[in-house]
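Protein sequence lines, in the order shown, are assigned to chains W and A.
Okay, so the first sequence: first residue is 579 according to our numbering, each after it adds one.
Okay, so the second sequence: first residue is 308 according to our numbering, each after it adds one.
Cross-link-like lysine-lysine pairs, in silico, PhoX-like; alpha carbons within 20 Å at most:
{"#": "1", "chain 1": "W", "residue 1": "Lys713", "chain 2": "A", "residue 2": "Lys517"}
{"#": "2", "chain 1": "A", "residue 1": "Lys592", "chain 2": "A", "residue 2": "Lys568"}
{"#": "3", "chain 1": "W", "residue 1": "Lys654", "chain 2": "W", "residue 2": "Lys624"}
{"#": "4", "chain 1": "A", "residue 1": "Lys612", "chain 2": "W", "residue 2": "Lys747"}
{"#": "5", "chain 1": "A", "residue 1": "Lys532", "chain 2": "A", "residue 2": "Lys576"}
{"#": "6", "chain 1": "W", "residue 1": "Lys658", "chain 2": "W", "residue 2": "Lys613"}
{"#": "7", "chain 1": "A", "residue 1": "Lys516", "chain 2": "W", "residue 2": "Lys713"}
{"#": "8", "chain 1": "A", "residue 1": "Lys536", "chain 2": "A", "residue 2": "Lys568"}
{"#": "9", "chain 1": "W", "residue 1": "Lys613", "chain 2": "W", "residue 2": "Lys654"}
{"#": "10", "chain 1": "A", "residue 1": "Lys536", "chain 2": "A", "residue 2": "Lys577"}
{"#": "11", "chain 1": "W", "residue 1": "Lys724", "chain 2": "A", "residue 2": "Lys411"}
{"#": "12", "chain 1": "A", "residue 1": "Lys532", "chain 2": "A", "residue 2": "Lys577"}
{"#": "13", "chain 1": "A", "residue 1": "Lys619", "chain 2": "A", "residue 2": "Lys411"}
{"#": "14", "chain 1": "A", "residue 1": "Lys577", "chain 2": "A", "residue 2": "Lys404"}
{"#": "15", "chain 1": "A", "residue 1": "Lys404", "chain 2": "W", "residue 2": "Lys713"}
{"#": "16", "chain 1": "A", "residue 1": "Lys517", "chain 2": "A", "residue 2": "Lys491"}
{"#": "17", "chain 1": "W", "residue 1": "Lys651", "chain 2": "W", "residue 2": "Lys628"}
{"#": "18", "chain 1": "W", "residue 1": "Lys672", "chain 2": "A", "residue 2": "Lys597"}
{"#": "19", "chain 1": "A", "residue 1": "Lys404", "chain 2": "W", "residue 2": "Lys724"}
{"#": "20", "chain 1": "A", "residue 1": "Lys487", "chain 2": "A", "residue 2": "Lys532"}
{"#": "21", "chain 1": "W", "residue 1": "Lys651", "chain 2": "W", "residue 2": "Lys672"}
Bear in mind the hints are in silico, worked out from the structure with no lab data behind them.
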Amino acid sequence: MRAKAIVAVLLTFVLGFVLFSSTANAESAAADPEKVWVRSSDAGLKSDRKASSETVAVLPFGAELDVLDYENKWYKVSTKDEEEGWIYRGKVSKEPVESSESGEEGLLGDLAASSISADAADSSRSMRGLSPEAKAYAENTGTSEKLQEELDEVLSRQADSAQISEFLKNGEIGEFAP
Amino acid sequence: MKINRVVDELDYKTDNERALMERRTFLRFALPLGLCLASPAYAMDLFKILDPEGKNKDLQKAKGILEGAESIVAGSVDLDYESELAIGEGLALEGFKRYGLSVKNDDLQQYVNLTGNAVARNSNRPTIPYYFVVVNSPLYNAFSCPGGIIFISSALIGNMQDESELACVLAHEVAHVGHKHALKSLKRAKFLEGVGKISETTMKKDEGKKFNSLIGNLQTVLFDKGLDKTMEYEADLTGMETAYRTGYDPQGLIRVLNMLKAKESGANKKGSWFSTHPPLDTRIKKCGQKLSEYPDSGAMARVRKRFVEYRKKL
Chain W
579 MRAKAIVAVL LTFVLGFVLF SSTANAESAA ADPEKVWVRS SDAGLKSDRK
629 ASSETVAVLP FGAELDVLDY ENKWYKVSTK DEEEGWIYRG KVSKEPVESS
679 ESGEEGLLGD LAASSISADA ADSSRSMRGL SPEAKAYAEN TGTSEKLQEE
729 LDEVLSRQAD SAQISEFLKN GEIGEFAP
Chain A
308 MKINRVVDEL DYKTDNERAL MERRTFLRFA LPLGLCLASP AYAMDLFKIL
358 DPEGKNKDLQ KAKGILEGAE SIVAGSVDLD YESELAIGEG LALEGFKRYG
408 LSVKNDDLQQ YVNLTGNAVA RNSNRPTIPY YFVVVNSPLY NAFSCPGGII
458 FISSALIGNM QDESELACVL AHEVAHVGHK HALKSLKRAK FLEGVGKISE
508 TTMKKDEGKK FNSLIGNLQT VLFDKGLDKT MEYEADLTGM ETAYRTGYDP
558 QGLIRVLNML KAKESGANKK GSWFSTHPPL DTRIKKCGQK LSEYPDSGAM
608 ARVRKRFVEY RKKL
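If we strip away everything but chain W, and leave its shape as in the complex, we get (with noise of 0.2 Å):
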């Protein structure tokens, strides 16, 4: 009986240790990943840790990066064409993106092919007016006209890549962030 006991103790105890260290291993590959994805439609690869750094390459959405360092919210990763430099943490994801969460196809490794590209997503680059299916819509509906021009207004507001960087930049936010 104390033999059983002894060997049940024993098993608990590596049981145990072997939980645990699986565990701690996967928190640390969590916290310190050795890969990350990129998960903006704006991704500066920075010469340093700071917004204001020269920006080294523009990442295209979905590039796998392999990491370097992390410091201070700021990872440091090298690309698949060995450019090395700085990205804010919010621009990456521990997971690689899948097409289906983009809702585009195309779209990993080869925007230009995309129905989509990445400059779409700068309205500044796709000012539009009310598509003509939506004007049709708006004939059958009897939509007046006035109501046309709202949604013209609200399809023809800029708001391109400088500006969001200058708006971030004022509000100290994120990769602005002091």
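Chain W is fixed; fit chain A onto it per the hints.
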């Protein structure tokens, strides 16, 4: 349930045979059903392997059910972006009719547009353009149209305290667009079945009427009934994540929900977040649980001063 009914209709000679056949039938259905949830196309391929000549009535019956589900999912999710936006534009026109015209202040509109676009580029769907508009409405409301046109009422902004609260609400709406919740909620969108692209030709004659009917159904979902509560919870959590990734305090969403809770008893509920969204207490609880993932959320930006300046322009 249908699987059980089909099994019950089968006539077996002995209990043992019956039990064995039930297990086999269950396995035959379970695998394609599981695959259908993951990928309808794989499930259909498996049906071909299991019953290549289509002789098994039960399998064919199940296949029919799954094919129906597949066409609805494919029809609503695989629309191209331009078509999705065309639907969104139609719905946006109805949004103006229902909730009023935009607030006539360019500075305010651009401020909200910049806040919305700042979070949108870190959202779960950052690769499309987003458009934001503040409308003059006494209702506490915000909603998103497919394709990325997002409305927020003057009353909702007017009762917020800082930019992080605005950013979180806009991120919640962006999340709905990213997850394509409105389109997914159309369970019987006949117009969308087999239609990958909406064009001017599609808008003529009967097809135009179907488009109108589709917009009508979307209005009912977004303006009256509300989206499924699981979609709302998902948008809450995705929105908090998006706001946090951008650099805003994700607790902004919880503060807005608490503000709404305080206003709830005296508010006009029809067509507002009160009637189209799940109970505030549940949302606050779920968002509170999510906060454990953001240990430094208290140190993230709230930006009160700038927000208050623009709020005066309402």
